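Heads up: the protein sequence lines correspond to chains A and B, in order. Here the first sequence is numbered in the working numbering, starting from 4 and rising by one per residue. Here the second sequence is numbered in the working numbering, starting from 142 and rising by one per residue.
Rather than coming from a laboratory, the hints here were simulated on the basis of the structure. All values reported here derive from a predicted model rather than from experimental measurement. It is possible that part of the hints are untrue.
List time: in silico PhoX-like cross-link candidates among lysine-lysine, alpha-carbon distance up to 20 Å [what the hints assert, rightly or not]:
no.: 1; chain 1: A; residue 1: K48; chain 2: B; residue 2: K159
no.: 2; chain 1: B; residue 1: K182; chain 2: A; residue 2: K5
no.: 3; chain 1: A; residue 1: K5; chain 2: B; residue 2: K181
no.: 4; chain 1: A; residue 1: K45; chain 2: B; residue 2: K163
no.: 5; chain 1: A; residue 1: K45; chain 2: B; residue 2: K150
no.: 6; chain 1: B; residue 1: K163; chain 2: B; residue 2: K150
no.: 7; chain 1: B; residue 1: K179; chain 2: A; residue 2: K5
no.: 8; chain 1: B; residue 1: K182; chain 2: A; residue 2: K48
no.: 9; chain 1: B; residue 1: K181; chain 2: A; residue 2: K48
no.: 10; chain 1: A; residue 1: K45; chain 2: B; residue 2: K194
no.: 11; chain 1: A; residue 1: K48; chain 2: B; residue 2: K150
no.: 12; chain 1: B; residue 1: K159; chain 2: A; residue 2: K45
Chain by chain, the residues:
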Amino acid sequence: RKEVEQDPGPFNVPEGATVAFNCTYSNSASQSFFWYRQDCRKEPKLLMSVYSSGNEDGRFTAQLNRASQYISLLIRDSKLSDSATYLCVVNTGRRALTFGSGTRLQVQP
Amino acid sequence: DTEVTQTPKHLVMGMTNKKSLKCEQHMGHRAMYWYKQKAKKPPELMFVYSYEKLSINESVPSRFSPECPNSSLLNLHLHALQPEDSALYLCASSQDQGSYNEQFFGPGTRLTVL
Chain A
4 RKEVEQDPGP FNVPEGATVA FNCTYSNSAS QSFFWYRQDC RKEPKLLMSV
54 YSSGNEDGRF TAQLNRASQY ISLLIRDSKL SDSATYLCVV NTGRRALTFG
104 SGTRLQVQP
Chain B
142 DTEVTQTPKH LVMGMTNKKS LKCEQHMGHR AMYWYKQKAK KPPELMFVYS
192 YEKLSINESV PSRFSPECPN SSLLNLHLHA LQPEDSALYL CASSQDQGSY
242 NEQFFGPGTR LTVL
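Same shape as in the complex, but just chain A (with noise of 0.2 Å):
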């Protein structure tokens, strides 16, 4: 079983919609989870920490359930600019991120 684990998609959504992923990860003792943006050909980029609370920043929601080992991540008021591969990574108690193979979102006009 992959560390972390994510849908590949592509997710094909029109602009405007309401558009979430999933992540799971194995390792209980994970510390710190993390999305992370990543254009075609460019580096990865922090979107947002993901706190055991939830959090959100502007219409981006980051939700974690340890019980489940489970994050996700949801967008709201999809836009063109949205279009990007979404990294769920985990610091699996290494030291290190781990990273999940990433989900393909593209919005459509």
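Position chain B relative to chain A; hints supplied.
Chain B alone, transformed into the frame defined by chain A:
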């Protein structure tokens, strides 16, 4: 300023060449990382430096040799690479190697080995 810079942006080298990739950050971060990323795959960790000392080597072949001359700089020396080493090489930094610290990535060096 959350900027990590990397040079060069692109590099083409033969299998007998020796070259170096450079990474710099001025955020006062004490942990720096090298990742390798192949097309349509997530980044794979290669090395971690913490307070200028090598902390993690993910069993990387010796043809890749990291160096951390000071707390702001990270180099990756390349020698006798193989065509399968062609990839995007990403540098990242974080405040320190603690579990909760976010990592910030540079734009990467796109390496082609002929």
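*Hint consistency between A:K5 and B:K181 [alpha-carbon to alpha-carbon, up to 20 Å]*: holds (17 Å)
*B:K182 and A:K48: Cα distance at most 20 Å?*
holds (16 Å)
*For the pair supplied as a hint, B:K163 and B:K150, confirm whether the alpha-carbon distance does not exceed 20 Å.*
holds (10 Å)
*Is the Cα-Cα distance between A:K45 and B:K194 20 Å or less?*
With Cα atoms ~28 Å apart, A:K45 and B:K194 exceed 20 Å; violated.
*Quick one, are B:K181 and A:K48 close enough, alpha carbons at most 20 Å?*
Roughly 16 Å separates the two Cα atoms, so the pair holds.
*Measure nothing beyond the straight line between the CA atoms of B:K182 and A:K5; if it is 20 Å or shorter, mark the hint as holding.*
Since the Cα atoms of B:K182 and A:K5 sit roughly 14 Å apart, the hinted pair holds (cutoff 20 Å).
*asked:* Holds or violated: B:K159 and A:K45, Cα atoms, limit 20 Å.
replied: violated (25 Å)
*Starting from B:K179, check that the Cα of A:K5 is at most 20 Å away, please.*
holds (18 Å)
*asked:* Would the hint linking A:K45 and B:K163 be met if the CA-CA limit is 20 Å?
replied: Given pair A:K45, B:K163 holds - Cα atoms ~17 Å apart, limit 20 Å.
*For the pair we were handed, A:K48 and B:K150, check the Cα-Cα distance against 20 Å.*
Holds: A:K48 and B:K150 sit about 17 Å apart, inside 20 Å.
_Can you confirm whether the C-alpha distance between A:K45 and B:K150 stays at or below 20 Å?_
Holds, at about 11 Å.
*For the pair supplied as a hint, A:K48 and B:K159, is the alpha-carbon distance within the 20 Å limit?*
violated (30 Å)
Going down the numbered hints, you'll see the structure goes against 1, 10, 12, while the others check out.
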